[in-house]
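Colleague: Residue strings, one per chain:
Number of protein chains: 4
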Amino acid sequence: MAGSSFGQAFRITTFGESHGGAVGVIVDGVTPGVELSAQDVQAQLDRRKPGQSYITTPRQELDTVNLLSGVFQGVTTGTPLMMILYNKDADPSAYDNIKDLFRPGHADYTYYKKYGLRDWRGSGRASGRETAGRVAAGAVARKLLARRGVSVLAYTLKAAGISCDTFEPEAIEKNPLRACDPAAAERMLERITAIKDDNDSAGGIIECRVRGMAAGIGEPVFDKLDAEIAHAMLSIGAIKGIEFGAGFRVADMRGSEHNDAMDSNGFKSNNAGGIIGGISTGEEIIFRVAVKPTSSIAKPQQTVSLSGEETTIRTEGRHDACICPRVVPVVEAMVCVVLEDHFKRQAAMLG
Amino acid sequence: MAGSSFGQAFRITTFGESHGGAVGVIVDGVTPGVELSAQDVQAQLDRRKPGQSYITTPRQELDTVNLLSGVFQGVTTGTPLMMILYNKDADPSAYDNIKDLFRPGHADYTYYKKYGLRDWRGSGRASGRETAGRVAAGAVARKLLARRGVSVLAYTLKAAGISCDTFEPEAIEKNPLRACDPAAAERMLERITAIKDDNDSAGGIIECRVRGMAAGIGEPVFDKLDAEIAHAMLSIGAIKGIEFGAGFRVADMRGSEHNDAMDSNGFKSNNAGGIIGGISTGEEIIFRVAVKPTSSIAKPQQTVSLSGEETTIRTEGRHDACICPRVVPVVEAMVCVVLEDHFKRQAAMLG
Amino acid sequence: MAGSSFGQAFRITTFGESHGGAVGVIVDGVTPGVELSAQDVQAQLDRRKPGQSYITTPRQELDTVNLLSGVFQGVTTGTPLMMILYNKDADPSAYDNIKDLFRPGHADYTYYKKYGLRDWRGSGRASGRETAGRVAAGAVARKLLARRGVSVLAYTLKAAGISCDTFEPEAIEKNPLRACDPAAAERMLERITAIKDDNDSAGGIIECRVRGMAAGIGEPVFDKLDAEIAHAMLSIGAIKGIEFGAGFRVADMRGSEHNDAMDSNGFKSNNAGGIIGGISTGEEIIFRVAVKPTSSIAKPQQTVSLSGEETTIRTEGRHDACICPRVVPVVEAMVCVVLEDHFKRQAAMLG
Amino acid sequence: MAGSSFGQAFRITTFGESHGGAVGVIVDGVTPGVELSAQDVQAQLDRRKPGQSYITTPRQELDTVNLLSGVFQGVTTGTPLMMILYNKDADPSAYDNIKDLFRPGHADYTYYKKYGLRDWRGSGRASGRETAGRVAAGAVARKLLARRGVSVLAYTLKAAGISCDTFEPEAIEKNPLRACDPAAAERMLERITAIKDDNDSAGGIIECRVRGMAAGIGEPVFDKLDAEIAHAMLSIGAIKGIEFGAGFRVADMRGSEHNDAMDSNGFKSNNAGGIIGGISTGEEIIFRVAVKPTSSIAKPQQTVSLSGEETTIRTEGRHDACICPRVVPVVEAMVCVVLEDHFKRQAAMLG
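Residue numbers (the numbering used here), protein chains in the order written: chain A, 1 to 351; chain B, 1 to 351; chain C, 1 to 351; chain D, 1 to 351.
For reference, chain A alone in the conformation it holds in the complex (with noise of 0.2 Å):
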């Protein structure tokens, strides 16, 4: 109801603030005697990290997880799994001058206009912060995934403008903005420099591929693989939109183009992106998502406070000046879980 939890076979809960105590996740319903260890999941969560680049916050959490129950002698128990971040980084007074205004943007506005209150340190539970948390229960999705052969990819495809051209896997962990074609990436990231200095921010499109799908997944009602898929996407802060496949320009196009016909190989294309009908048809699912530039920007911008009274303000200090190399690995680790969560629907709905 209040949507701090996902998914129903396998299923995370999320909890904390940016400036609270810590930040973490429960996940229940992992299966029993899978190896996991804290490393595992360190690995992801250091992708998600802050400080990775220039255009990167350089804000120094101590992103380190501690996996407080579910393990025993390196293997999972079947029980839930609680991993969490405590948070150290924390100087709340830094959001004193604004914490009775609202910034442009934030969240901020509306939660108060929800909750009546709000936690005004940082960006309080709406801050990306919780993503940890996801990524975290994304990484022990993972694994199990990879257990059935499948993998998840996702990279940066288009920032401030600047698209890429090539499609080289292998180069995405390699530059800062985790783009799948090398050049482009350099051109991004010289034009994200120049929005920086001018105390502003960069959006773009994320790209996200899973490979080795069975077909014959997910549920064909309301809990299409597809979906689902673009329920997680769009819970992710920054994600104004989602597309499979041939996504907007279908509206170009006839039947008869976009119809994926099949041979005795399989399909001959992939204009539904992977998914017919909500469930997966054995090609790669394919999906891209429109991340908006990072709200916080050093630039002035006109708001009102509490009050309504109307003033300018500057969101200074630490900010990412284009988000998207950090909202890659949360895309995967989203994706991972929905696609878990429906390989153990099938278990159930056949078992």
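Careful, some of the hints might be misleading.
Just so you know, same-sequence chains aren't split out, so a pair can sit in one copy or run between any two.
[Said to hold, decoys possible] Lysine-lysine pairs mimicking DSSO-like chemistry, simulated, CA-CA at most 30 Å apart:
hint: 1; residue 1: K174; residue 2: K143
hint: 2; residue 1: K299; residue 2: K143
hint: 3; residue 1: K196; residue 2: K143
hint: 4; residue 1: K88; residue 2: K196
hint: 5; residue 1: K174; residue 2: K99
hint: 6; residue 1: K113; residue 2: K143
hint: 7; residue 1: K99; residue 2: K268
No lab work stands behind these hints, which were simulated from the structure alone.
Here the structure of chain A is known, so what remains is to put chains B, C and D in place on it, guided by the hints.
Modeller: Below, chains B, C and D alone, put in the same frame as chain A:
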């Protein structure tokens, strides 16, 4: 788990196949004491029914709703509403020649892979007819939302490559495309007629606006209002993408452009599309969805049989050359369900 | 939320009032490819129907089930089963004289307080007729459990103060009480007849045994197998208590007596009733439920009207002097639903 | 699905094993703006902690709660509360000699059958220590219920075969049994001391009363208020049965005796135990639960090892001779969670 239910506090569960005994819905969590008649529901179903124009299927289904529980003396009792539409125009023998073939673009292959068998009469559970239950449930949600001053309006924004240039709400129900620009609608109709005569089909884009929306509605983490709307939209068979507010254009925008500044009159722009941090801002909620061209086309297409033999298929008969106008009421219905659910969830949190 | 659904992986949703258009159920999560006919379901419904003996109501409802979706060519398809029983024998005018009165023992007052209004024809949603949907769903679960070698047997253990002394399973369906001791059944019948002729009603105890149960089924914390069975049982209107294995006698036992020791043949006793730590032990699951005397009696009772005036009420007409024999199939049905759900949940965890 | 969560609008999720890093709970759906301190929670945990008397375990756990999220400036924010108790007094080597044995009465065997492995340190997830999270969550629910004028009181009614004769609420917290009759409490203590000295343990009955309850709370079909309380109670490890109001005595009663008549002052009796048709009547909710004797006893018991060899086991060490006084706060906590959840669900329906 099996995904035939949607919503939590206002919860709908649909059942039925296109060629079984009936389709319908149970709605649980209805506010008691609200006037409701079968006619309230029928009015919405009539907008979805086949045979409304040359470009939609001429199939004559008897889309008459029967309201079998949850209403007494003309008002809701708070117990589950059960609404059913019996199937009449069902001649399964028409499907004999394709029962062993996978129709391109349809869920035939994926259902077969999921369940190990499939109901090959029409599209079975994957038929658009399943959405009649959604429209019926949406009609109830719409009545409840009206009491809150909230209204939902969807319309075709683009079809067969032709876009609307104007937004004339009063024109929408007066043209067969349900387009918001009557001049564009005429050109769309002309082009889709030609496409249909060429045994093909066309895609489009539907836009949706929610007016009178209160600020503060939506759950802030996984069940963000936009995440749940995205879930609802992608659960509609033909929809392949969604974007809110500025949508995919955010990839080219800067934070200073995208952030919606505020003054004492409220927000000065609405790039966010009425939702920030998953919670409504009180501005108009606005989003667009991509609708793929109808999969059933009379043009020959390459496919395979159950036993893997290559063959050619033509889906003859009565199909929609562009499904957009019939998806419009389904979009509205699902948005109504999401919104009413979230208003009730907010009441639970505060209550 | 509104509580018309039960189960997770095998999920049932009922609808309908005693004097509305119909009662019925949607079952979601059914294993595909299993033979199922309306007759399979009807056989169980016939055990619940009125008019089976002098001590049950002579009301003639047409309890014929219609299976409207989810079955194709005699086998389940994996999509939702919808089963409906139309209401025929419904003369609401019979209730005119009590529509403003709260019948003692009935949910009239509590529904009125909850909803602010109530459907005063019969007991509306609180009618025992709602359980027809449960029995129909249970018949499906029973078929799935049979494939696992699991069977569920309930029977009257005590009625009108008379207890069974023997356990003769083959006698159960042969006496009107569904008692497990035919001699006791005769004495029960005699006493209940006298009670009925005195315009009164009688309570009882039903016992239930699950045979062929595998060890290791049940979720260990909140959804313990016994916790979910208790939930299911107390959701049946007439049931006021439940105890497993040694039950309330544990209050007088010592650990050394109560603990079920093991040897190489397995457990040496079954005080636990087949469930320890919420998980099945593989022994017979055994529990008992307390069934209150039917609330509707012809004897005058003191009550008040909607406006608070004191008055006397007699619930004349066609009622069950002892509801136990008709509750027996409902108990079995709900246990089947719980068990099938938990087998599927176990498959999800391991799957 | 995996059952570590309970409740819907007010939802708790527990984690942790007795000898892992920590135990704790996430509470989602908390009303914002309510004063809450760690001390509010600690006060309830102190009632559950070990070492309160000779008949409870002398184990010294550091049951200090840490409140890590969801509270800001002393009030709830509406975001998830995370409460954690770190495990300190954990010496797993103490369990080395029994790690391959199934302790009678414990969930060792069933966990092993369910998961294929088990955490043999203490009782792992099946430990009573898991209930610390429930008590913490219940303390929050209790605060919210106090605002509604609702209070929950449980106490030992019977222990080691000795029953209370009087109901003296003010005596409950003053005797080590938490019995409602101080004279009976003395006799209980004497007898349990003797049982303990005999290396054995004793069972009992706990009664619970809810005062100040509004009428009209509860969902009428599957989620009846009594059904959900029964679910909550049977989810507590030691509890083997529950009965409401007249309970199992209904088997000997007639309708004219059992029905609670009404006059202009309200109900004239309370055989129903405050709930009719699953909805509260506004009378005191009253029920009793059966508590089995503690499974861990020092007396030798027959069992088998993992490899099936017969052997004898003595569970030495620090155990509760009668667990009733420590179950009392757990019963209260779970009832508080159920009630707060149902108040919020009622608000959702009407809201």
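Colleague: What hints, given by number in increasing order, does this structure fail?
Modeller: 2, 3, 5
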